[in-house]
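Asker: Add chains B and C to chain A, keeping to what the hints say.
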Amino acid sequence: MSGTLGNRIPSYALAAFVTLFFAYLLLPSLIIVPMSFSGQSFLSFPPSGFSLRWYQGLAADIVWRSAAANSFLIGIPAAFIAVVLGTLSALAVERGALRWSMTAMALIVAPMMLPHVILAIGLYPVMLDLGLLRGYLGVIIGHAVVGLPLVFVSVSAALRSYSPALELAAMTCGASPLRCFLHVTFPMIRMGIAGGGILAFAASFDELMLALFLTGTGTRTLPRLIWEQLNDFLTPIVAAVATLIFAFSLLLLAMLAVFGRATRSMQASLPLASAEASAHG
Amino acid sequence: MALPGEAAGRRVWTFQRGNALLLLPPGLFLIVFFFWPLLRVVVRSFVEPQLGLENYATVFGAGPYLRVLWTTIEVAGLVTLLCLLLAYPLAYFVSRAHGRRLKLLMIFVLVPLWTSVVIRSFGWMIVFQRQGVLNEALQSLGLTEAPVTFLPGPLAVYVGMVHIMLPFMILPLVASMRGIDRTLLRAADVLGAPPYRRFLEVFLPLSLPGVSAGVALVFMTSLGFFITPALLGGPRMLMAAVLIEEKANVQLDWGLACALATTLLLITTAIYLLYLKLMRRDASLPVR
Amino acid sequence: MTSSKRGRATRIDRRTLIKSAAAVAAVGMVAKPNLIRAKPAQMVISTGGGALDDAYKAAYFGPWTTKTGIPITTGPNTGAKLKAMVEQKAVEWDVSQQPAELAATMAKQGLLEPLDYSIIDKSKLIKGVAFDHFVMCDIAAYHIAWNTKLVKAGSEPKDWPAFWAYSGRRGLWKRPYQTMEVALMGDGVDKDKLYPLDIDRALKSLAKIKSNIYWWERGAQVAQILIDGEVEITAAWNGRIADPKKSGAPVDFHLNEALLVADAFVVPKGAPNKKESMEFIAFALSAEPQSVFAQRLPYGPVNGDALKLLSKETLATLPSAEENLKRSTFLDVNWWADNGERAESAFNKWITG
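Protein sequences appear in the order of chains A, B and C. Note that this note's numbering has the first sequence beginning at 1, numbered continuously upward. Note that this note's numbering has the second sequence beginning at 282, numbered continuously upward. Note that this note's numbering has the third sequence beginning at 570, numbered continuously upward.
Looking at chain A on its own, in the form it has when it is part of the complex:
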């Protein structure tokens, strides 16, 4: 670690900053969890009384469960499409020597700047004409449109963080473009891809308007149910849902961390992973 900046910055100041920062990030979750055990039918903190009735309500309520399932069934494929297309577009713009690369960038990020209700109004007739409003296909595509720029920007940054000379060197040494991508480019932009994919999934998971327009009438998603309660009356059941998702995501991420560690150490033993190792010093 010698030679980095950290050892000259007072470490206690940085530690205090980081602690406060994470307290800030976690505070809403920490407030929401106890509210889900409230004995009352409205949200309050600290909650008065303790009961599991909101969780029992959830267990008995098929609407909430199917909404949660819907949100995952839509979010995962949408994020996947966004990752593939967003990464392709980032490679093309950053490594393709395009003439109008700035214009291309502005066009690719444009979906982020159009309010969802307007995109929905424009997209609905197109989807209808193409016959794509079957099942979740329409909304998956709609969410992929919104998620693509997130991946694009994230992967572009990763690509810009190191010199294309690395790839050129590999190519000069006779690596095929695919090998070059898999063994040089991909390890370098892996975090950018993962970050973009996570943001794209999160965007889909919390999206309301496109989901309303592009699914059949019977389909409800979590944002829709929460929205209904917001106009009506928010009960601790929304806190219970949030708590379960919170716990689930922690579990999933913890599993990924364990699993990811295993694959990583395997990779480290392979000589080709050394590009990343050397880049990180």
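One should not assume that every hint holds.
Where chain A lies over chain C, by a calculated footprint (3+ residues, C-beta under 8 Å) [unchecked claim]: (1) 658 to 668; (2) 781 to 791.
Not close to chain B: a few residues of chain A, all C-beta gaps over 10 Å, as computed [claimed, not checked]: (3) 49; (4) 52; (5) 53; (6) 56; (7) 59; (8) 61; (9) 70; (10) 134; (11) 135; (12) 136; (13) 216.
Cβ pair distances, simulated, as ranges [to be verified]: (14) B:299 x A:103: 14 to 22 Å; (15) C:627 x A:190: 52 to 60 Å; (16) B:430 x C:631: 45 to 53 Å; (17) C:759 x A:244: 46 to 54 Å.
No wet-lab data here; the hints were simulated from the structure. Idealized CB from N, CA, C, for every residue including glycine.
Answerer: The following block gives chains B and C in isolation, referenced to the frame of chain A:
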């Protein structure tokens, strides 16, 4: 038989050519599922309720619309700045971690993403109430005697919005900072550069791609802020997304809604292009 | 001109082309084609969801299915989606519940089927609820509410001028609808002489108390801020306040000078099973289902006979009960359909200024 150098040159050429071709699938996808719908939206802004510039006259007229568009851009800009200031040191800290520690830190960064923005905004409401957590803490610490009124107001709303946007800033920053070749910093150290110069002249320029990406992501996502400013912000904080949703969904005035959205898209695209020009000029020097 | 004409022409072409696809995607789910139609295999009714949806299921949808054998699928009632479906001639909904002022706007834009009052019995409905293209189905109130811990019993504002004269922090909805009406009443306008709304006067009245208004945005929010004492008094909807009051929260309300707002049933233009849609509405507006609904949610029935089936205690909480009707007034949905943009623009300009 070609000389090795020639072959390499051709490879480079096909490398770039081949990469440019990668734009085809996402390009086609966006043309069908974004630009074609967008065209319909733009056309509608000129033809509903009747053909003409009426909707744009309303947007640029004496009503509240320009002010709302401006507020939206201003709020998005301020949120972006706050996120950058908070996230940069944190991302630096996170990017230095390794192995399990790195993963743990990233999990903490990602945790807020999984809670609905609506629920989080409601959570902040409960924090900032007069009988809320914050006021109780302030009073028990003896900092205030009577409850302070935070709601609705700038502190609560920016705390809420920055919280939503932080992961969008931290992720690209960390990705970019982890790509930085630390030997360069060591080299600067060996050559006798003091820490502030190592930071300003080596680390900061190398992290600019991440800064640029984070700023773009946060700013553009912030333009769509909807429920958080509505729940936590004061009456002046009327955001474009709220107004456009109201026009589209409640008054069914789609011509005006589409005109507002088109105007917002044009203004922000212009800002983005300007920003790209500035960033490219600065960022391209040290990297390439 | 040319472009819009061309657009229309291609639309028709495409329509025929994609008819089969659309039929599979939307209509096919709803009903078998007209060949074998004795009755539709199911009906689709869109609602606001939440507690409203539960009450509709208990009062209308369940009994309707029992009576006719036609199951009902429910879903979100997004206003813009109705317009999109009607424009594209791909209507999935047989009936939709909409806020009455939005229904009036939809009627004005030609998005709704005219209601068939030979099937729907108008004679039992209370005055002012039946319109050509929509009919109100339950009546709620925008009224004065207060926190009983912060406001001493007896000192709560009795009417809107008293609400305006109150010195504590008060809540109002951050929208022009309803808020402008109560602002005018607060300024002394008689409840029966509100329309046409004097927009300037309403804004001037609001300006007088601007400094201590808590502008709330959503139904769940007004309940929360009142329960937690963030405001001492507020304008609110009775459906938001009655429930917490029942479950012991420190809130109370009255219906004096309440502004009556309503949900309405509409049939989107081109709905797949028009006859059954009308029959469903007729059924839902009949006395028995209306009274069941009113026992589940504090929204008043529109059928006069339904009121006779309800207990005195229930009636006291219902905005459309005779006693409460007398001291309240209806929001003029057609005024808002015609003047909404003008009023909203003025309101937003004022509030952001």
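Asker: State whether the coverage of the segment 658 to 668 of chain C by chain A holds or is violated, taking the criterion as 3 or more residues with Cβ-Cβ distances under 8 Å.
Answerer: holds (count 3)
Asker: Just double-check residue 53 of chain A for me: nearest Cβ-Cβ distance to chain B has to come out over 10 Å.
Answerer: holds (19 Å)
Asker: For residue 134 of chain A, is the shortest CB-to-CB distance to chain B above 10 Å, so the non-interface label stands?
Answerer: Residue 134 of chain A clear of chain B: closest Cβ-Cβ about 15 Å, beyond 10 Å.
Asker: Just double-check residue 136 of chain A for me: nearest Cβ-Cβ distance to chain B has to come out over 10 Å.
Answerer: Non-interface label on residue 136 of chain A holds, nearest chain B Cβ at 15 Å vs cutoff 10 Å.
Asker: Taking the shortest Cβ-to-Cβ distance between residue 56 of chain A and chain B, state whether it exceeds 10 Å.
Answerer: Check passes; 20 Å lies beyond 10 Å.
Asker: Evaluate the condition: distance from the CB of residue 52 of chain A to the nearest CB of chain B exceeds 10 Å.
Answerer: holds (19 Å)
Asker: So is residue 61 of chain A really clear of chain B, every C-beta pair being over 10 Å apart?
Answerer: holds (17 Å)
Asker: Given the hint of 46 to 54 Å, check if residue 759 of chain C and residue 244 of chain A actually sit that far apart at their C-beta atoms.
Answerer: Given range 46 to 54 Å: holds, Cβ gap about 53 Å.
Asker: Could one say that the CB atoms of residue 627 of chain C and residue 190 of chain A fall in the range 52 to 60 Å?
Answerer: Given range 52 to 60 Å: holds, Cβ gap about 53 Å.
Asker: Taking the CB of residue 299 of chain B and the CB of residue 103 of chain A, does the distance hold inside 14 to 22 Å?
Answerer: holds (21 Å)
Asker: Was residue 135 of chain A rightly flagged as not at the interface, with every chain B Cβ beyond 10 Å?
Answerer: holds (17 Å)
Asker: Using the C-beta atoms of residue 430 of chain B and residue 631 of chain C, is the stated range 45 to 53 Å upheld?
Answerer: 47 Å Cβ-Cβ, so the 45 to 53 Å window holds.
When each numbered hint is compared with the structure, no violation occurs for any of them.
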